[in-house]
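Assemble chain G onto chain W, guided by the hints.
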Amino acid sequence: MKNVSEKLVWDKIESFNNEDNIEIDFEDYSFSKLKIGIKDDSISTKEINEIDMDTLASVGVNINEDSDSGKYLLFGEKNYVAKPQFAGVEILPIKEALETYPEIMEKYFFKAMETNKNRYTKAVSETVPKGYFIRVKKNVKIKEPLHAGLFMHEEMSAMSLHNIVVLEEGAHLHLITGCTANHTLKGGLHVVVSEQYVGKNAKFINTMIHNWGPEFIVRPSTATVVEKNGFFVNNYYSIKPPRNIKMDPFTHLKGENATAKYMSILFCLPDTHSNIGGTVLMTGENSAAELVARAVNYGGTIVQTGLLIGAAKNTRAHVDCSGLMLSDSGIIEAIPGLRAMHPDARMSHEAAIGKIDTGEVNYLQSKGLDEMQAIALIIRGFLDIGIEGLSPEMEKTIKEIAELSGHGEE
Amino acid sequence: MLTINNLHVEVQDNEVLKSVNLEIPDGEVHALFGPNGSGKSVLIMTIMGYPEYKVTEGSILIDNKDILELDINERVKLGVGLSEQRPPTIKGVKLKNLLELIEHKDKKGQLYVNDMIEKFNIRKFLDRNINDGLSGGEIKQSELFLLLISNPKLLILDEPDSGVDPEKLKKIGGMINESLRDKRFEKRLPSNHLNRNSGLIATHSAAILDYIHVDKAHVMINGEIKCYGNANILMDQIKENGYEYCINCQHKNNM
Numbered sequence: 247m248k249n250v251s252e253k254l255v256w257d258k259i260e261s262f263n264n265e266d267n268i269e270i271d272f273e274d275y276s277f278s279k280l281k282i283g284i285k286d287d288s289i290s291t292k293e294i295n296e297i298d299m300d301t302l303a304s305v306g307v308n309i310n311e312d313s314d315s316g317k318y319l320l321f322g323e324k325n326y327v328a329k330p331q332f333a334g335v336e337i338l339p340i341k342e343a344l345e346t347y348p349e350i351m352e353k354y355f356f357k358a359m360e361t362n363k364n365r366y367t368k369a370v371s372e373t374v375p376k377g378y379f380i381r382v383k384k385n386v387k388i389k390e391p392l393h394a395g396l397f398m399h400e401e402m403s404a405m406s407l408h409n410i411v412v413l414e415e416g417a418h419l420h421l422i423t424g425c426t427a428n429h430t431l432k433g434g435l436h437v438v439v440s441e442q443y444v445g446k447n448a449k450f451i452n453t454m455i456h457n458w459g460p461e462f463i464v465r466p467s468t469a470t471v472v473e474k475n476g477f478f479v480n481n482y483y484s485i486k487p488p489r490n491i492k493m494d495p496f497t498h499l500k501g502e503n504a505t506a507k508y509m510s511i512l513f514c515l516p517d518t519h520s521n522i523g524g525t526v527l528m529t530g531e532n533s534a535a536e537l538v539a540r541a542v543n544y545g546g547t548i549v550q551t552g553l554l555i556g557a558a559k560n561t562r563a564h565v566d567c568s569g570l571m572l573s574d575s576g577i578i579e580a581i582p583g584l585r586a587m588h589p590d591a592r593m594s595h596e597a598a599i600g601k602i603d604t605g606e607v608n609y610l611q612s613k614g615l616d617e618m619q620a621i622a623l624i625i626r627g628f629l630d631i632g633i634e635g636l637s638p639e640m641e642k643t644i645k646e647i648a649e650l651s652g653h654g655e656e
Numbered sequence: 199m200l201t202i203n204n205l206h207v208e209v210q211d212n213e214v215l216k217s218v219n220l221e222i223p224d225g226e227v228h229a230l231f232g233p234n235g236s237g238k239s240v241l242i243m244t245i246m247g248y249p250e251y252k253v254t255e256g257s258i259l260i261d262n263k264d265i266l267e268l269d270i271n272e273r274v275k276l277g278v279g280l281s282e283q284r285p286p287t288i289k290g291v292k293l294k295n296l297l298e299l300i301e302h303k304d305k306k307g308q309l310y311v312n313d314m315i316e317k318f319n320i321r322k323f324l325d326r327n328i329n330d331g332l333s334g335g336e337i338k339q340s341e342l343f344l345l346l347i348s349n350p351k352l353l354i355l356d357e358p359d360s361g362v363d364p365e366k367l368k369k370i371g372g373m374i375n376e377s378l379r380d381k382r383f384e385k386r387l388p389s390n391h392l393n394r395n396s397g398l399i400a401t402h403s404a405a406i407l408d409y410i411h412v413d414k415a416h417v418m419i420n421g422e423i424k425c426y427g428n429a430n431i432l433m434d435q436i437k438e439n440g441y442e443y444c445i446n447c448q449h450k451n452n453m
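The listed protein sequences derive, respectively, from chains W and G.
Residue numbering for the first sequence follows my numbering, starting at 247 and increasing by one per position.
Residue numbering for the second sequence follows my numbering, starting at 199 and increasing by one per position.
Chain W with its partners taken away, still in its complex shape (with noise of 0.2 angstroms):
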């Protein structure tokens, strides 16, 4: 017989297992309606009103004038794209990109990624194909960030999405994708596919914010490939987690040189769950992978994996999970996998949960701040990780989140 707190603790176990392993039924979010598709699919920025405006760039995403270069958003089923357009950059709706250019079905569509690689990315392989097409151009370098908006207006919808990004040899980029949510909306279904390249010594930065409802489900499904000398940077922030979402972005650095940074901060709620991986296959020779994932919990569940793989000479990786809990109900699971496969690899990682130091809290409060700023100053502290293209918007929203977590202990 178990007594009564410890049959609290199977109870969360069961519960944390379900959850992990939910079944999503598609129809539910009449998904078959978008194996059919619009027929105009464009959308003007005026027909979007100023909430959603707000919405959008609360994700880094600031879509003000029709004459912002660099700028697309997929506003539920329809299209906009900026314009006129940065030289030697194209920003395409996927549909229309496939249907200019044929060698994009040959060289890029569903081919960093298997089409059956799990349910949610057949799902997507069966739908009208929206999201959006990004290819810079040979040593182009883009120093502004481009900015893609992925947003969901309907209650209970479904977004279907195969986004494709391109840097070809020499090229920069850095793309903040925001997906977010009207904020009256509850639920949603939002399923993505995305495959990107990175050509030799070209420099990806990839940020992608998410704001969503409390039934929102996340399912994105991410694959990089990245050429002698490429870098590759995957910043990762949930300000307001989703009721579930697992996403296991996969990389593979395949030239020689090539590295790989994924830098993951998450803000979770009660009644949500959140499991964050990311997995790096090094083949090129002397490539390098770092993971860094923080999680700040007041009450979710939040799990963090990440595997590296080191299968080439001289590869180096390194993973580092750490959480804070700041309630009593939460769950943190954190898995920092390695896996060498070759006897050159040089692999090393940690990982560490706990709650805020009350002898931090109080040296700070000697110092003049109250409780309230000082668990918000120490939070931020755990969420500075170096983050490669960080903006001061986004610094901003680190700080809101860090501010939000020091409430949250009231």
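Because the hints were derived from the structure by calculation, they are not lab data.
Since this is a predicted model, take the numbers as computed values, not measurements.
Hints may contain errors.
[As the list claims (entries may be wrong)] DSBU-like cross-link-like pairs, simulated, lysine-lysine; straight-line CA separation at most 30 angstroms:
no., chain 1, residue 1, chain 2, residue 2
1, G, Lys292, W, Lys645
2, W, Lys601, G, Lys289
3, G, Lys292, W, Lys389
4, W, Lys642, G, Lys275
5, G, Lys322, G, Lys351
This is chain G only, laid out in the frame that chain W set:
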């Protein structure tokens, strides 16, 4: 300024301070001597309000106001400032981040902060994590800088001279004297006016007292104040005869 009456303090259910009485009048600086483990830091942390130090009896007054119910930061607001002996390092939190939250918002105050940054060579610490990888002397420098800019009325310094090389000690002494200077009276009083903030300096070596004038010293042994008197005379006697001398000294019966 500070009045402590019959203070009893427990740490993890063990009584560490036993009936401590101490009075520091306005403008006076007192030293607190005592061997390692005698309870000096416990007294200091209790004055500051650290929750793990539990007051079971007695009172602590600042300007005749009982502060025992106040949080740490509320005591700071009343004018209490602490420089810790072993402050924690806080991952990712840079000194400048903390400074942004506590520095004066008015222009004059900011100019003063900038002056102090230059005068006491603080700039190199601003972009570093608080207390991370600093030497003993550098930690004191950073602590005293934070104290200085908050301009407390009562400075509490826990072993400001431990782990500090002689050259740096002079600098530390300079920072303490700057902190003790009562900046509120500056405008109204002549430049030779000696009005100071109050202070309590715990030190077991008394090395810092070569640079700071103290009005009086107390000796703490096993959680009790056993003796008081002139700091230099007391320290000479302690150096010659050990702390045993204080236990039996002439003031004991008068306390």
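Here is how each hint holds up against the structure:
Among the hinted pairs, Lys292/G with Lys645/W is consistent with the structure: their alpha-carbon atoms are about 14 angstroms apart, no more than 30 angstroms. About 13 angstroms separates the Cα atoms of Lys601/W and Lys289/G, which keeps this hinted pair within 30 angstroms; it holds. A threshold of 30 angstroms between alpha carbons decides the hint, and for Lys292/G with Lys389/W the separation of about 28 angstroms falls inside it, so the pair holds. A C-alpha spacing of about 28 angstroms is found between Lys642/W and Lys275/G, which places the hinted pair at or below 30 angstroms, so the restraint holds.
Among the hinted pairs, Lys322/G with Lys351/G is consistent with the structure: their alpha-carbon atoms are about 28 angstroms apart, no more than 30 angstroms.
Of the numbered hints stated above, none is contradicted by the structure.
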